[in-house]
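Colleague: Sequence:
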Amino acid sequence: MLSTEAPKPVLPEPASERAAVEATATPANARGVVAATASLVAVGAVVYAVAWFRSDSGGVVEHQRAFVAENCPSIQWHDSQATTLLHDCYAILEAKRLDAGATQADRPAQPAPAHEYKLTATLAFAEFRGSMIDAYGEDSKGAEQFASWGALNMEWSDVFVAPDETTFARVQKDPSEERGLRMCSSGDIIEIHAGRTMTGGQIARGLLNSDAGHLYRFIAVKSSGDLGERSRATLCGFVVGTYDYPNSGGGTGHAVAVVGMFDLPENRRSARKIDSVDPTPNPASAKISTCCAAMHRLAGTLGTDPDALRLTAMTRQCNDIAATADINKARDLVTSVSIHMPNECQF
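Under the numbering used here, the first residue of the sequence shown carries the number 80, and numbering increases by one thereafter.
Misleading hints may appear alongside valid ones.
[Unchecked claim] Result set (EDC-like, lysine to aspartate or glutamate): computed pairs, CA atoms no more than 16 Å apart in a straight line:
| # | residue 1 | residue 2 |
| --- | --- | --- |
| 1 | K366 | D399 |
| 2 | K366 | E423 |
| 3 | K252 | D213 |
| 4 | K366 | D405 |
| 5 | K252 | D323 |
| 6 | K366 | D243 |
| 7 | K366 | D411 |
No lab work stands behind these hints, which were simulated from the structure alone.
Could you build all of it, start to finish, from the sequences and the hints given here?
Modeller: Here it is as structure tokens:
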């Protein structure tokens, strides 16, 4: 008879594995050392995940919880969502592994999910937020990591918002508080350069001068179509901070940095029926969206407090409710926890 006892494999210790590999490193193979080290850690994660999926023992959930808490602290754990949260954590580790220097060819096979799974943009942003800083002349590491994730996973419905959750002036005034809020802007492209991430996804970097005369530094994922210099474009995305750069006149330009998508037909196709949204927002939807933005700002002020993670997760639910304009559901959401909600959430 086959044993049903839960296997308990152990992830390799990153420090000891790194030391073992570096002991044989030479300048000629230094690049391979980074990839090999990251791959060893990732393979350990795969073995651990496969073991979990092959057992239904009660002790498995406890090991899952401990693994996610140690490796993905931004994820709020619920035993009832163990399978989804495990895959969320694996996806985050994979993005970090590739950022560490491993190539697509080094990528190990991911265990087959027990059901359809997708890491939300909100959770992905929360994981990389700590590496997002206000930049000068180059994009922050956190922005790069989020864009790498988004190039393969982001949808138009993740970034489209009406009305905007923040403004150019508010970001320039206090970027740390507005980081993670979404906005859309239309204008003329000043410069654009297309490329691909290490994961093979499409991205385009550049500057957009909005109709209001504001500058946006963008990393746009998925398609950039036929857009080029001086093209008209609409960009929607997550604010990752401010971006200052030396301009051609010898001075310094001041922009807001955004990771998002261009409003193009090919980017909208996979969206959750966002094309049919009335450009004039429903008053109830607008009120709920205002609450969502205030909830997100409150989470940003709480630092590492557990309530910050709860509010981050609730913000995603709030945005989904805003799309339906259901005030009753929004009221139920904000009263479901003991956290003191912002005044904008009084329905």
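Colleague: Run every hint past the structure and note whether it holds.
Modeller: Comparing the hints with the structure gives:
A threshold of 16 Å between alpha carbons decides the hint, and for K366 with D399 the separation of about 13 Å falls inside it, so the pair holds. At most 16 Å may separate the alpha-carbon atoms for a hinted pair to count; K366 and E423 meet this at roughly 8 Å. For a cut-off of 16 Å, the pair hint linking K252 to D213 stands: about 12 Å separates their Cα positions. This hinted pair checks out: K366 and D405 have alpha carbons roughly 10 Å apart, not beyond 16 Å.
Pair hint K252 plus D323 holds up; C-alpha atoms about 14 Å apart against a cutoff of 16 Å. Restraint check for K366 and D243: satisfied, since their Cα atoms lie roughly 12 Å apart, inside the 16 Å limit. Note on K366 and D411: the hinted pairing holds, with a Cα-Cα distance of about 15 Å set against a maximum of 16 Å.
The structure shown violates none of the earlier numbered hints.
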